[in-house]
Every structure is written in structure tokens, then in C-alpha cells.
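Chemist: Order-wise, the sequence lines are chains A and Z. First residue of the first sequence: 4, per our numbering; consecutive thereafter. First residue of the second sequence: 4, per our numbering; consecutive thereafter.
It should be emphasised that the hints constitute simulated quantities derived from the structure, not laboratory data. Do not take every clue at face value.
Pairs involving identical chains hold if they fit within one copy or between any two copies, as the list cannot separate such chains.
Taking lysine-lysine pairs in the BS3-like style, the calculated list, with each CA pair at most 27 Å apart, reads [to be verified]:
1. Lys-261 <-> Lys-301
2. Lys-274 <-> Lys-261
3. Lys-301 <-> Lys-183
4. Lys-141 <-> Lys-301
5. Lys-265 <-> Lys-183
6. Lys-261 <-> Lys-24
Protein chains: 2
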Amino acid sequence: MLIIDALQYVNWTRPLFEEAKAGGVSAIHVTIAYWENTRDTLENIGDWRQRFSDHGDIIMPVRSGADILQAQSEGKIGIIFGFQNCSPIEDDLRMVETLHQQGVRIMQLTYNNQTLLATGCYETGDSGVTRFGREVIKEMNRVGMVIDMSHSAEHSTLQAIELSSRPIAITHANPLRWHKALRNKSDDVLRALGESGGMLGFSMYPFHLNNGPDCTLDDFCGMIIDTAELMGIDRIGIGSDLCQNWGYETLEWMRSGKWTFKPDYGEGSAKNADWPRQPDWFSSSKDFGNIASGLKDKGMAQGDIEKVMGLNWLNFFTAGFGPEG
Amino acid sequence: MLIIDALQYVNWTRPLFEEAKAGGVSAIHVTIAYWENTRDTLENIGDWRQRFSDHGDIIMPVRSGADILQAQSEGKIGIIFGFQNCSPIEDDLRMVETLHQQGVRIMQLTYNNQTLLATGCYETGDSGVTRFGREVIKEMNRVGMVIDMSHSAEHSTLQAIELSSRPIAITHANPLRWHKALRNKSDDVLRALGESGGMLGFSMYPFHLNNGPDCTLDDFCGMIIDTAELMGIDRIGIGSDLCQNWGYETLEWMRSGKWTFKPDYGEGSAKNADWPRQPDWFSSSKDFGNIASGLKDKGMAQGDIEKVMGLNWLNFFTAGFGPEG
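Input sequences plus hints: build the corresponding full structure.
Modeler: Following this line, the structure appears as C-alpha cells:
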């Protein structure tokens with residue numbers, strides 16, 4: 004079965020690549036940037052070239068849907084480059100194509116906070132897609148870079164869906180009606196996303212789960228089945244938001260960047276500041292099989308399980324990573 | 004009479020400094036950045052160090068109200084460093100103090116477009132002051148860098164007035180009720196600005212003037228008198244927005260930065276794209292006397308004329324350029 008994970012943020016080591024391979028994953032959308040500017044982003048991409056050189060027997064770069072199928076046939080993990088923020092393009096529209104040439108295929112317009120392009124989900128106001136944001140959407144559409152609104156505010160997300168000539172993604176989030184969190188998405192957003200041919204990736208990050216780390220597999224899979232009814236079975240996949248092998252200082256940086264002197268606890272709190280515990284049925288990339296089993300136990304048809312586990316993302320990325328045509 | 008101009012953007016040459024000196028100006032808030040990042044801004048500040056070295060007989064840096072008085076007593080032009088955008092701090096709160104140490108005393112939170120801090124006056128939505136923006140306002144308050152909302156949207160401006168513990172400025176704009184333009188300010192904004200101890204600088208940039216370049220001195224001075232009634236005679240000054248000695252490509256860059264491929268005409272249009280013609284009564288820094296005469300002809304008392312021409316800005320900058328106390 005083809006397995007694609009539409010979002011991870013991992014401090015990669017060879018054992019972690021091996022673990023993902025053992026889990027049967029054929030493609031992972033990896034996070035290249037949270038707050039990095041253009042120069043720092045190019046450095047992170049340089050690090051990936053080194054990883055491809057060091058671990059070319061188990062990983063390979065993905066620039067197209069065909070690359071994902073090649074990774075699957077060779078038993079490798081295809082690596083999809085993406086940004087969780089628009090900081091890598093700074094204020095320069097031309098950087099979209101520049102970074103697409105570097106292999107980047109997915110970019111979030113915001114990461115929690117307001118950006119030059121749109122409003123993040125942690126802001127109180129939401130001005131929607133900005134003047135610069137409209138130009139960037141057009142350019143991402145043109146070159147074939149998928150717009151990701153996982154960390155964006157509601158009005159901005161609805162506007163991005165409307166403004167984009169191509170379907171967009173929310174690579175990692177869950178329905179708000181299942182678990183109330185600033186990062187989860189309303190029915191309005193999910194419906195508009197589904198109707199426009201977009202994709203939602205279900206997150207296993209504990210702050211996005213009903214009952215947090217104690218969320219049951221049964222509950223999670225039930226939520227997937229409900230969302231299939233809302234959005235359509237072709238519009239959903241996995242975007243685990245798996246974070247592995249990072250210290251607390253990385254979490255602090257993800258949350259606070261350089262925009263505040265005092266710590267911002269994001270989805271956590273002063274008393275619960277550290278990385279959350281993963282649910283026992285999904286502790287690493289070796290556990291994707293549990294989700295497939297869980298969906299089977301809930302009565303989902305095998306063909307639909309395969310769609311959710313990877314085929315939907317394959318179709319979406321195959322269309323989305325090519326130039327507009 | 005002390006004359007202070009709270010905004011100019013000039014491609015400076017020695018003859019232009021001499022012209023300003025002949026016009027009796029003791030301090031000018033000069034524009035150090037529109038779209039520049041931190042590194043490019045430091046380069047622009049380096050250029051100013053060279054100018055102070057080359058023309059130290061007629062210009063001097065201003066870091067405090069006392070420096071303005073010194074410039075006046077020595078018959079020099081005091082140069083106040085300011086940014087028309089927050090691009091120089093990029094995404095880093097620490098850059099506020101860094102750039103204050105470089106002599107920067109005024110910063111706009113936005114330049115027409117949405118920024119990381121607030122919404123610009125050319126956007127359709129207006130999310131107000133952002134999470135990062137709130138931190139930057141606190142930091143500007145702390146170090147003594149004046150918040151300038153000249154190019155900001157209405158809701159963002161009202162929020163900045165409310166959030167800032169110190170009075171803010173709109174260094175260059177006119178009342179919307181006098182001339183309808185995206186850059187001019189509503190009565191609500193001007194009233195809140197006045198009540199909070201802030202300052203408005205009247206602009207002579209033709210797009211901000213009633214009848215544009217054909218605006219009469221009488222009309223302009225009448226507008227000043229009306230605004231004194233609305234805001235109080237102590238809350239107004241001059242911020243000419245004088246732009247001199249630039250080619251069209253500079254105007255194009257000011258308007259379009261790197262955020263759009265197609266030209267944005269800003270306050271102009273495709274048919275009227277170039278720099279506007281100045282009104283005949285204010286073509287350069289030698290003409291400040293005309294405004295003082297115009298106010299006298301409209302019956303303004305000499306003491307009030309002196310406030311408008313410079314004393315109000317002196318008081319405001321004396322308080323605003325020092326650390327929070």
C-alpha cells in the first residue's frame with residue numbers, strides 16, 4: 004500500500020530514515036523552514052543535498068508525482084520539500100520560482116502569526132490575503148508550488164481557496180468540530196476545501212487530537228470517516244505532523260521565533276510547555292499500519308483506506324507539482 | 004523661527020542641503036528605508052555618516068531634542084533618521100534597539116501594504132496590530148523610537164494609538180475630510196491622535212492636496228486652521244513629504260518594491276504615473292516661509308504659527324526620542 008505523509012518535522016538521522024522505511028512510507032513532506040529567511044533556507048536545502056548523498060540508498064528527492072512512484076518502486080522514501088511559513092521568500096515575489104527550482108513544492112502562507120501574505124491562526128484580527136499575497140498565490144499557481152494553509156486564520160484560508168486557480172492543501176490539521184483548537188479547521192473551511200478539489204491531511208500531533216495524547220485510534224479513525232462524509236473520500240489523507248528528536252529549545256524557537264522576548268507557549272502553556280507525548284498508536288513513522296488497521300476495523304473499504312493512506316496525496320501532488328497548464 | 008520638517012525623501016546633494024539651509028530649516032526627518040532589510044538599511048546609514056563627514060559644516064545628526072536646538076543655534080540642518088516601513092527590523096524584535104543605537108528615531112509600522120506589524124492603507128482588509136506588532140510597539144516605547152502610522156490603515160492606526168504607552172505620530176498626511184485619498188486620515192483618527200498627545204504633520208505631496216498641484220496656499224492654510232480646531236494647536240506641524248531629485252525608477256520602486264511583477268501606480272495611475280508637480284508655493288525646502296506667511300494671512304497668531312512651523316515637533320521629539328521614563 005502506498006503511504007504518503009504530508010507533514011513531518013524530524014531531526015533526521017539514519018535510524019529515523021530506516022524507521023520510516025520500515026513503516027512503509029514512500030513519501031514524506033519535510034519541513035525546510037519555519038522562520039528562516041532566503042539565505043538560511045538555502046543552507047537548509049544544502050543540508051538535504053548532503054543527506055541525499057549520505058543516504059541515497061534509502062531516500063530520494065521528490066519534485067513530481069512520478070518521483071513518488073519511483074520512490075515506491077525502489078523501496079525508498081521520497082522527500083518533498085516544503086515551508087511552514089513564507090519567510091523564505093522574504094519580500095521578493097521572484098523567490099517563489101527561485102525556490103521552486105531548488106525543489107520546494109509546498110509553502111504555507113502563514114505560520115501562526117501574520118505574514119506579508121496572510122493572517123495566521125493565532126492572531127486576533129484576520130485581514131485575509133494581502134496585496135503581496137495575491138501576487139504570490141498567482142506565482143505559486145504558475146510554477147507549481149502547493150499553497151498550504153495549515154497554520155492560517157479562517158478568513159485568510161477561505162480567501163486563499165477562492166483566489167487560487169488550483170486546489171490548495173491543509174497538510175496537517177483536524178476538524179474543529181472533533182477537537183476545539185486554534186489549529187483545527189471549521190466545517191466551512193473543510194467544505195470549501197473539499198469542493199475546490201483541495202486536500203486535508205489528518206494530524207496526529209497531540210494538541211490537535213481529541214483527548215490529546217490519550218486519543219484512541221478508534222476515535223481518530225471515526226473522525227476520519229466523518230470527515231470523508233463532509234469533504235469526500237478523495238479529499239483526505241495523512242499529514243501526521245510528527246516531530247521527532249528535537250530538544251525543547253527547538254520547540255521554543257518554533258513558537259517564539261524572534262518576534263517576542265518572553266516565551267510564547269503556542270498550543271501548550273507555562274505548566275505544559277514541552278513537546279507533547281504522542282498517542283501510543285502513533286509514536287513514529289513505523290506506525291502508519293496502525294491507522295490503516297484502525298480504518299479497517301471501523302469498516303472502511305480497502306480501496307478507500309488506500310486513498311486515505313496515500314493515493315489521494317499522490318493524485319493531488321501529481322497535479323499540483325507541475326506547472327499550470 | 005524654528006522650522007522642522009517631519010518628512011522628506013530627497014536624493015541629497017550639497018546644493019539641496021544649501022537650499023534647505025536657505026529655507027531656514029533646523030531639522031528634517033529623512034527617509035532611510037522603504038523596503039530595505041537590515042543589512043541594506045545599515046548601508047544607507049553608512050551613506051549618511053559619509054554625508055555628515057562631507058557636509059559637516061551644514062548638516063548634523065539628531066538623536067535628541069537638544070540636538071535640534073544645537074542645529075538651530077549653529078545654523079545647521081539637523082538630520083533625524085527614520086524608516087517609512089518596518090522592513091529594516093525584518094522579523095527580529097532585537098533590531099529595534101540595534102537600529103535605535105544607529106540613531107534611528109522614527110519608524111512607520113507599515114508602508115501601504117500589510118507588514119508583520121500592522122496593515123497598510125492600500126490593503127482591503129485591516130487586521131490591526133499583530134502579535135509581533137504589539138511586542139515592537141512596547142520595544143519602541145522602551146527605547147524611544149517614535150511610532151509613525153502615516154501609511155497605515157485606519158483600524159491599525161487606532162489600535163497603535165491605544166496600544167502605545169507614548170504618543171505616536173502621523174508625520175505626513177492630511178485630513179480626509181479636506182481631500183479624499185487613501186493616505187489621508189479620518190476625523191476619528193485625528194481626534195484620537197490629538198487626544199493622546201500625538202502629532203500630525205501636514206503633507207504637501209500633491210496627491211494629498213485638495214486640487215492636487217493646483218491647491219492654493221490659502222486653501223492649504225485654511226485646512227491647517229480647521230485641523231487645529233479638531234486636534235488642538237499643539238498637536239500639528241509640517242511633514243512636507245517633499246521628494247526631490249529622483250528619477251521615475253525610484254518612484255516605481257517605492258510603489259512596487261519586490262512584491263509585484265506588474266507596476267503598481269500607487270496614488271497615481273497608468274496615465275499619470277510619474278512624480279507629481281509640486282504646488283508653486285512649495286517647490287522645495289526654500290519655501291517654508293510661504294506657509295508661515297499663508298498662516299499669517301489667514302489670521303493665525305504669531306505664537307501659533309511658530310508652534311506649527313517647528314515648536315510642536317520640537318516638544319514632541321524632545322519627549323519621544325528619549326528612553327521611557
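Chemist: Looking back at the hints listed earlier, which ones does the structure fail to meet?
Modeler: Structure breaks hints 1, 4 and 6.
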